[in-house]
Amino acid sequence: MPRKKIVLVACGTAVATSTVVANSIEEEMAARGIPVETRQCKATEVPGLIEDVDLVVSTTPLPPNLPKPAIVTLAFLTGIGRDAEIEKIAGILKG
Amino acid sequence: MDSLLTGLKTVVDGLGATVLLPVFIFIIGVILGAKPGRAFRAGLTIGIAFIGINLVIGLMWTSLSDVAQAIAANTGVTRDVVDVGWPSSAAIAFGSSVGLWIIPVGIAVNVALLLTGLTRTLNVDIWNFWHMAFFGSLVVAATGSLGMGIATAAVMAGLALFVADWSAKPVQKFYGLPGVSVPHLLSGAILPIAIVVNWVIDRIPGLRDIDLSTDTIQKRFGVFGEPIMMGLIIGIVLGLIGFWDGSNIPGTITRVLQTGMALAAVMLLLPRMVKILMEGLIPISEAARSFVQKRAGNREINIGLDSAILIGHPAAISSALILVPIAILLSIVLPGNRVILFADLAVIPFVVALAAPIVGGNVLRMVIIGAITLAAGFYIATAQAPLFTQAAVASGFTLPENASQITAIGDGFLWISLVVVALASWLGYFGVVIMAALVGAGLAALKGGRLGDHAAGEEQS
Numbered sequence: 001m002p003r004k005k006i007v008l009v010a011c012g013t014a015v016a017t018s019t020v021v022a023n024s025i026e027e028e029m030a031a032r033g034i035p036v037e038t039r040q041c042k043a044t045e046v047p048g049l050i051e052d053v054d055l056v057v058s059t060t061p062l063p064p065n066l067p068k069p070a071i072v073t074l075a076f077l078t079g080i081g082r083d084a085e086i087e088k089i090a091g092i093l094k095g
Numbered sequence: 001m002d003s004l005l006t007g008l009k010t011v012v013d014g015l016g017a018t019v020l021l022p023v024f025i026f027i028i029g030v031i032l033g034a035k036p037g038r039a040f041r042a043g044l045t046i047g048i049a050f051i052g053i054n055l056v057i058g059l060m061w062t063s064l065s066d067v068a069q070a071i072a073a074n075t076g077v078t079r080d081v082v083d084v085g086w087p088s089s090a091a092i093a094f095g096s097s098v099g100l101w102i103i104p105v106g107i108a109v110n111v112a113l114l115l116t117g118l119t120r121t122l123n124v125d126i127w128n129f130w131h132m133a134f135f136g137s138l139v140v141a142a143t144g145s146l147g148m149g150i151a152t153a154a155v156m157a158g159l160a161l162f163v164a165d166w167s168a169k170p171v172q173k174f175y176g177l178p179g180v181s182v183p184h185l186l187s188g189a190i191l192p193i194a195i196v197v198n199w200v201i202d203r204i205p206g207l208r209d210i211d212l213s214t215d216t217i218q219k220r221f222g223v224f225g226e227p228i229m230m231g232l233i234i235g236i237v238l239g240l241i242g243f244w245d246g247s248n249i250p251g252t253i254t255r256v257l258q259t260g261m262a263l264a265a266v267m268l269l270l271p272r273m274v275k276i277l278m279e280g281l282i283p284i285s286e287a288a289r290s291f292v293q294k295r296a297g298n299r300e301i302n303i304g305l306d307s308a309i310l311i312g313h314p315a316a317i318s319s320a321l322i323l324v325p326i327a328i329l330l331s332i333v334l335p336g337n338r339v340i341l342f343a344d345l346a347v348i349p350f351v352v353a354l355a356a357p358i359v360g361g362n363v364l365r366m367v368i369i370g371a372i373t374l375a376a377g378f379y380i381a382t383a384q385a386p387l388f389t390q391a392a393v394a395s396g397f398t399l400p401e402n403a404s405q406i407t408a409i410g411d412g413f414l415w416i417s418l419v420v421v422a423l424a425s426w427l428g429y430f431g432v433v434i435m436a437a438l439v440g441a442g443l444a445a446l447k448g449g450r451l452g453d454h455a456a457g458e459e460q461s
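Residue numbers (my numbering), protein chains in the order written: chain P, 1 to 95; chain S, 1 to 461.
A hint or two may mislead.
[As the list claims (entries may be wrong)] Restraint-style ranges between C-beta atoms, simulated for each label pair: (1) P:G48 - S:G336: 36 to 44 Å; (2) S:Q258 - P:N65: 37 to 45 Å; (3) S:I326 - P:A31: 30 to 38 Å; (4) S:A437 - P:N65: 34 to 42 Å; (5) P:G91 - S:L15: 34 to 42 Å; (6) P:R39 - S:I332: 47 to 55 Å; (7) S:F291 - P:R39: 48 to 56 Å; (8) S:I332 - P:P67: 34 to 42 Å; (9) P:G81 - S:M229: 53 to 61 Å; (10) P:P69 - S:L257: 28 to 36 Å; (11) S:T398 - P:A31: 38 to 46 Å; (12) S:A422 - P:P69: 48 to 56 Å.
[Claimed, not checked] Just some of the chain P residues that point at chain S, by a computed CB distance under 7 Å: (13) V15; (14) N65; (15) T78.
Simulated from the structure, these hints should not be mistaken for laboratory data.
These figures come from a predicted structure and were not determined experimentally.
Glycine included, C-beta positions come from ideal geometry on N, C-alpha and C.
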């Protein structure tokens, strides 16, 4: 059983758009058999919470020079390019 | 029509948001093409969210009312309208009688305006329909007419699209978001103020030449980014002002620390509860997106998203960080203000985000514009607090005994609420028609290119 990967999902509120992204990631990764846990925060909180996460996904610009892989995307909100982003996320989490 | 709606309202009031909203969400979900099981789960989740939000709002109202009254008794300064934060506003709006109708109404307005070519925005941000419902519920509180409230909410749906279309070009350019627009009323309200103030600043020698950079500001104020720290600190400070009693230091310390802890708890718990509401809305929101996308045809359209996607930008964060202490200061010094700020200090980035493209990201200008917007907001909120409170009670949130009145920066501080309530309560349906005509004229002018479909700003960027 591989270790559960932790994805930090950020947006402006930690309430609205990040919930959409977090739910999508949980569903899609479960379908691919990748065990994943999501946490939500505001973009400004990312540097404080990044230590024990494997990947950051955000709907809004992130602070620079983060020590972990980070993706800024609107694909989960617009539906455009969603599949490509999911493959990218799956690729990072598998590795 | 009105009697039918009033009859329905009686049923709504009897059952409350926790029962009725789930039923409505289920029905709307199925109509929009969501799977019945998923729609049912969505409705159930939303009902649960309301129960959770009600618990947290109860906690917050109790502690904040106590503090506000203690401050009034201890200092003689009357700040008896407490800021309960936008998450409370969202819950009030979705839980209101207008909130039940807002999703189909908002979608219908969007489809109609897309088909007639009056807008180029496909608003998939169902979550932020709460702003429209919120203004509608204020109109219901002011006039007692549900029909007028729903009509107002429909006009607000149009206004949100106007905001999106009007700011689309500058937003896409400044924030680097092709194909996206922001139909967000809380963020949009600053646009006219920003354009006017920016025009004035351009004519003031000295001031017009200052361009404040964003790099250093963010690091210095980092701690304000953390809501629970902010809740604790604000709670302790407010507690000290309210409960200070030199003759009873142990008693003072107890009350102060309890207040700090309670407010820190609210800052974490309230967003968590509202997140459950958001989770429940996701299946509906997805169904709505494909429903509208199917009907919008192939013309070139912008996808309307939450202004939350703008908030990570350094210009929005930096100016908001500077505005937090300014807002607190304003709340103390403005004569006649009765609002005590608390839960919505975190929403200030949303207030200023759409000013950034207009001023080319100049933080000093954003701070000036933001401060003027907030200063006006205190008076708007003070005047509208009875309606805000009434709307909350009508949505089934339990007000603790001798509670203070409530407001929030989102959306109690917005001039939009003042305008729609004034028009609706003075002129009735004719007032709503005037609103609709203004929004329609605005959209038509954008389409005809008379406003140049940008909000000034091009020459700065």
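Going down the list of hints, with the structure as the test:
no. : hint                       : in the structure
1   : P:G48 - S:G336: 36 to 44 Å : holds, 39 Å
2   : S:Q258 - P:N65: 37 to 45 Å : holds, 40 Å
3   : S:I326 - P:A31: 30 to 38 Å : violated, 48 Å
4   : S:A437 - P:N65: 34 to 42 Å : violated, 51 Å
5   : P:G91 - S:L15: 34 to 42 Å  : violated, 48 Å
6   : P:R39 - S:I332: 47 to 55 Å : violated, 36 Å
7   : S:F291 - P:R39: 48 to 56 Å : violated, 31 Å
8   : S:I332 - P:P67: 34 to 42 Å : holds, 41 Å
9   : P:G81 - S:M229: 53 to 61 Å : violated, 36 Å
10  : P:P69 - S:L257: 28 to 36 Å : violated, 41 Å
11  : S:T398 - P:A31: 38 to 46 Å : holds, 42 Å
12  : S:A422 - P:P69: 48 to 56 Å : holds, 52 Å
13  : V15                        : holds, 5 Å
14  : N65                        : violated, 12 Å
15  : T78                        : holds, 5 Å
Against the hints set out earlier in the document, violations occur for numbers 3, 4, 5, 6, 7, 9, 10 and 14.
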